[in-house]
Amino acid sequence: MNAALIEASGLGWRRGGREILADVDLRVEAGRILTIVGPNGAGKTTLLRLLMGLQKPTAGRVRRVPGLTVGYVPQSFSVDPIMPLPVWRLMGLTRPAARDAIAAALAEVGAEALIDADVGTLSGGEQRRVLLARAILRRPRVLFLDEPTQGVDFAGEIALYRLIAALRERLDCAVVMVSHDLHVVMAATDQVICLDGRVCCAGRPEAVREDPNYRRLFGRAAADVALYHHDHPHTHGPEGAACPLPPFGGAAGER
Amino acid sequence: MDILLQDFVLRALAAGLGVAAVAGPLGCLVVWRRMAYFGDTMAHAALLGVALGLLAGVPLPLGVLAVGAVVALMMAALMAQGRWGSDTLLGIFSHTALALGLVALGLMAEVRVDLLGYLFGDILAVTPARLGWIYAGGGAVLAVLLLLWRPLVAATVAPDLAQAEGVPVAALRVVFMLLIAVVVAVAMQIVGVLLITALLIIPAAAARGLARGPEAMALLAALLGAVAVAAGIAASALLDTPTGPSIVVAAGALFVLGLAAPPLRDVLLRRD
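Top to bottom, those sequences are chains A and B. Throughout, my numbering is defined as the position within the first sequence, counted from one, plus 1274. Throughout, my numbering is defined as the position within the second sequence, counted from one, plus 1.
Calculated from the structure, these hints are not laboratory results. The beta carbon of each residue, even a glycine, is placed where N, CA and C say it ideally should be. Any given hint could be a false lead.
[What the hints assert, rightly or not] If you only want the chain A side, here are some residues facing chain B, beta carbon under 8 angstroms, derived: (1) Leu1328; (2) Tyr1346; (3) Phe1351; (4) Val1353; (5) Asp1354; (6) Ile1356; (7) Met1357; (8) Pro1358; (9) Pro1360; (10) Leu1367; (11) Thr1368; (12) Arg1412.
[Said to hold, decoys possible] Far from chain A by the CB rule (all over 10 angstroms, computed), these chain B residues: (13) Leu79; (14) Met80; (15) Leu90; (16) Gly107; (17) Leu117; (18) Ala130; (19) Leu149.
Construct the complete structure from the given sequences, taking the supplied hints into account.
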């Protein structure tokens, strides 16, 4: 097992007496892709924010390797029209970068032509690519991606996940991403955490896919994913041990 | 035309240019952060600073700065609680401070105060000492802006992203508010309490159409502010109009001209 770059134990967050997230344990390891899936309101973005230190947990703790460089691609990003912001300047937002390095990072995501474009004029897919390039320009050891394919069509989605997997190889960084599109993400990840306020199941994607908790949470969509990967031998890996039932009812499903 | 070369006119010009150089870049941050009303609040609090400064017998810019800093810190603390909308907080602080200032000035029967001078400014009466305050305060603000420009812009464009990547966003917000307090303290005599925000907002807004990046916009805002100051002072001297308002009118005229600028910019600054 690799050394953990980030380790969360007993992580929880509540607001106004409402428990958003509870009892999350996880490890972020170098060179591995960890994907957080779950229905709306499951606490996915909250978990990501806690791991990045944007929110302080109300329970448990997050330990990070000191001096950890992270890159972050937020879920939503818009630039006020009163702010003139060319792509090259966005690339150096938190740290100055030479134009060569900026061009190289943009080339890696196939967005080199956009270097002088105004950020406000980018399409959803272009914006995702530019933000990804910006994050990798920092040579991060952990790359946080919140819904990296938001606003990207299905073909672009597959390409983007391939790109993320390739970047992980080349940079040897950890990737933590939040996603709700199950189809593609399951194929492009090392570990899945299925979230519904708590960790409802976790492990390798092929194991999580077979987990009854996962299937109950996602209903038909989960079945579609299984169908999509129908050629896969149905075995449970040792990491994919079933996890305890969630304390409260999941989404509609068989009881 | 000789009037334009009088000592007091040149001093006024020096004072106005000093303020414009700082108000331009800081004003860009104000409009990017949509905090125009915060500038107003600081300006209104300045009147209370004047009253307390007179009472305590300290130089007025110091009194204004002290009150501005206290108000800025109180607002930052209350905003962080997130219980009130920031427009509500700004309305409360702005008007309470203004009213307190007027009440305090009214109570000081023994001091005759030129209220209009504070409300609308008296740039032609700038003394060498006051000029020193403007350049010391303005220089300090410019130095901080230069030092913290990248993180300030990052925290403005995408606060979460900046914080995730190690930018101290909350601390920068406080620094930014204090910078505005300093600029208000030194700019008050130029255009007065009621028009300070104009010097922050209008040159920045006028620069938007001409600029392709945040740095270019900041420099252009300083430049346009300087043009507005020079044009306003000249017009005021030649037409015998009030100087502070003349400067703001000139800035407004530049903004209108700026609306026509983007097509021109595309011709002049085409990048190859």
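Checklist entry - Does the claim that Ala130 of chain B lies off the interface hold, with its Cβ farther than 10 angstroms from every Cβ of chain A? => result Holds: least Cβ distance 37 angstroms, greater than 10 angstroms.
Next on the checklist: Holds or violated: the hint that Tyr1346 of chain A contacts chain B, with Cβ atoms closer than 8 angstroms.
Outcome noted: holds, 4 angstroms
Checklist entry - Can we confirm that no CB of chain A comes within 10 angstroms of the CB of Leu117 of chain B? => result Non-interface label on Leu117 of chain B holds, nearest chain A Cβ at 33 angstroms vs cutoff 10 angstroms.
Item to check | Closest CB of chain A to the CB of Met80 of chain B still more than 10 angstroms away | outcome: holds, 17 angstroms
Next on the checklist: Under 8 angstroms is the threshold here; is the Cβ of Phe1351 of chain A close enough to any Cβ of chain B for the hint to stand?
Outcome noted: holds, 6 angstroms
Next on the checklist: Take the shortest C-beta to C-beta distance between Ile1356 of chain A and chain B; is it under 8 angstroms?
Outcome noted: Hint holds; Ile1356 of chain A Cβ to chain B Cβ min 5 angstroms, cut 8 angstroms.
Next on the checklist: Under 8 angstroms is the threshold here; is the Cβ of Leu1367 of chain A close enough to any Cβ of chain B for the hint to stand?
Outcome noted: holds, 5 angstroms
Checklist entry - Looking at Leu149 of chain B again, its CB stays over 10 angstroms from all of chain A? => result holds, 12 angstroms
Checklist entry - Is the nearest CB of chain A more than 10 angstroms from the CB of Leu90 of chain B? => result holds, 21 angstroms
Item to check | Agreement of hint Arg1412 of chain A with chain B interface, Cβ distance less than 8 angstroms | outcome: Where the cut-off is 8 angstroms and the nearest Cβ of chain B is about 7 angstroms from Arg1412 of chain A, the hint holds.
Item to check | Minimum Cβ-Cβ distance from Leu79 of chain B to chain A exceeds 10 angstroms | outcome: Given a closest Cβ separation of 19 angstroms, the condition holds.
Next on the checklist: Restraint: Leu1328 of chain A near chain B, CB-CB cut 8 angstroms. Satisfied or not?
Outcome noted: holds, 6 angstroms
The structure fails none of the hints (numbered hints given earlier).
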